[in-house]
Amino acid sequence: MSFVDLEDIRVSYDGKNNILKNLNLSIEEGQLVSLLGPSGCGKTTTLRVIAGLIEPNDGQFKVEDKDLTKVPVHKRNFGMVFQSYALFPHLTIKDNVGFGLKLRKESKATIHTKVMEMLEVTGLADYADRYPKQLSGGQRQRVALARALVIEPKLLLLDEPLSNLDAKLRINMRLEIKKIQQRLGITSVFVTHDQEECFSISDKVAVMNQGVIEQFDSPEVIYNYPKTEFIARFIGFENFFDLTHIEDRTYVTSDGTQFITGRSWEPTKKVGTIRPEDIELIKDHDYPEDNTITGTVKVRTFLGKSYQYEVDTSLGKILVQDNSGVAYEAGDKVNLYIPEEKLILV
Amino acid sequence: MRKQRGLSMFVFLVFAFLCIPLLIVTVTAFGEQASIQFPIEGFTFQWFAKVFEISSFMESLILSLQISFFATILALAIGIPAAYALARRQTAKTALLKSFFLSPTIVPGVVVGYALFQFIVVQLELPVYQGLLLGHFLISLPYVIRVVGSSLEQLDFSIEEVAWTLGCTKLAAFIRIIIPNITSGIFASFMLAFINSFNNIPVSQFLSGPGVATLPTILMNYIEYNYDPTVSALSVLLMLGTILLMFLIEKTLGLASVT
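Here the protein sequences come in this chain order: D and W.
Residue numbers 1 to 346, in this note's numbering, belong to the letters of the first sequence in order.
Residue numbers 1 to 259, in this note's numbering, belong to the letters of the second sequence in order.
Treat the hints with caution; some may be incorrect.
[What the hints assert, rightly or not] Derived pair list, reagent style DSSO-like, types lysine-lysine, alpha-carbon separation capped at 30 Å: (1) K98(W) to K16(D); (2) K93(W) to K62(D); (3) K114(D) to K154(D); (4) K75(D) to K105(D); (5) K170(W) to K75(D); (6) K269(D) to K227(D); (7) K94(D) to K66(D); (8) K251(W) to K133(D); (9) K170(W) to K16(D); (10) K93(W) to K21(D).
[To be verified] Covered stretches of chain W, going by a simulated chain D footprint (3 or more residues, C-beta under 8 Å): (11) 149-159; (12) 163-169; (13) 177-191.
Simulated from the structure, these hints should not be mistaken for lab results.
This structure is a prediction, so every number in the text was calculated from the model and none was measured.
We put the beta carbon where it would ideally sit given N, CA and C, even for glycine.
My request is simple: use the sequences and hints to build the entire structure.
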């Protein structure tokens, strides 16, 4: 039993297609867990099941071992931040933030103190009497966060809260969310389709695909050891090739090149993959025989700190990012060395 | 520049076309002759006085105001929740329902009037007052559903969901969050439905009974037998009433919020 448990959750809108299939997820107290995946993978649905906005067809949702599956949303006491911020346009910032407290019938003085305190924390004290449309995107975001936090919720739910902000603000805000979350020690679920954003603030990440959690691990483990080809593709692995197992840690490709891996992999894994930036480009003839393939540069793209090459090899098209400073031309013959420990099997 | 002058000319003509008949009616209300004439001879307020002396005018005015007001309130009470339900659940079925609700504005007024006559008077045999109320409610409903519906469609429903997460029941969220954010739509639909109901002739004509008729019906009947400037005077008073109403709205809410 963890702090939050989702057990065999199934959601279907039409009775035929399952949006979520037997989904299981456990969240420890005080952690920030992200649900990561492309649109349509079911991450928002999962969040809405937790919030109580969707009732699952099957399964149970528990907090501290108490079954909340049938508890209506307004009795759950979870704070939620929406992608559109969903501020009440007809209320001032102060009243937006104080809305939940007012419903809890707290005294005017208590509400005022708590609201001002929360506005202080989120840096909005000067805007208390303004209306939402008078604020910038980042400020609205903070109001939404303050409004969700001021009710001292058991859980904080964030549905793509940063996707409407510009790149720079997004990075600032995610740091801020992380800081506030840690300071209050509030258990949080964060939905996003942005892997960098998700890795930077999460304690654990659940990568979702077609209504199923494919991997639930720390950001480091997911980044380095994606369990499936889908996850690998989603988090930046570009090159995939079939491998045949010869003996422990030794594989061979269809064209006969031998590959040594840095560790033993389960026998079910038969596809090798590597990130473009982990491949080493070697021009001269002094290269190891294993883990090396030859190819011809097709396209060169300048990325700023590195060049990206599309290289035609016997294993098909391979993408390489090289920051050695040497610029190869289209048509150049190159050798691609795939380091043992960077070669991942999925 | 020349193009602009052409445009102003065109605007002026349209404006004149709209206003001149009203101006002529206004002028004829002050003529001394016993029949409506233009231009007028002499100047008098006697027709205005006569408006208030004809009891059927006063009675039907009060009836018209009552019917329009209560019918519109009824239409709001039914129409707002209906518009909400239609906006909240958008499927192929609701699209069909929506066009069905709007049909009284598309079907010719006479047909609606006749249909309501068949239904309300012949089938239900309702008393005239209740019949008129029901008929006017039915012709007001589409305006409410249409106008309130369009302001609901512009609303981000996640503000409602957020209110639930903060502890609001569904009903409380609807009253405290949804309603305050569609007030301009509600007000606009009230104005539209009220004015439309107040002006309506085809439905009222079919549903009126002995001694109970709305102002437009009485006005039509009156002009059939008496071609005197009382009708002009009454029209001027109605116009003044509308102008006053618009002025009040402009002062309190701003016209932009209604249109």
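Consistency of the hints with the structure:
1. K98(W) to K16(D): Holds: K98(W) and K16(D) sit about 28 Å apart, inside 30 Å.
2. K93(W) to K62(D): violated (36 Å)
3. K114(D) to K154(D): Measuring from Cα to Cα gives roughly 17 Å; hence the hint holds.
4. K75(D) to K105(D): holds (14 Å)
5. K170(W) to K75(D): holds (12 Å)
6. K269(D) to K227(D): At roughly 9 Å apart (the allowed maximum being 30 Å), K227(D) and K269(D) satisfy the hint.
7. K94(D) to K66(D): Roughly 33 Å between the alpha carbons, so the hint for K94(D) and K66(D) is violated.
8. K251(W) to K133(D): Between K251(W) and K133(D) the Cα gap is close to 24 Å, so the pair holds against 30 Å.
9. K170(W) to K16(D): holds (29 Å)
10. K93(W) to K21(D): holds (28 Å)
11. 149-159: holds (count 3)
12. 163-169: Contact hint for the segment 163-169 of chain W vs chain D: holds, 7 residues under 8 Å.
13. 177-191: holds (count 3)
This entry does not satisfy hints 2 and 7, going by the numbered hints stated previously.
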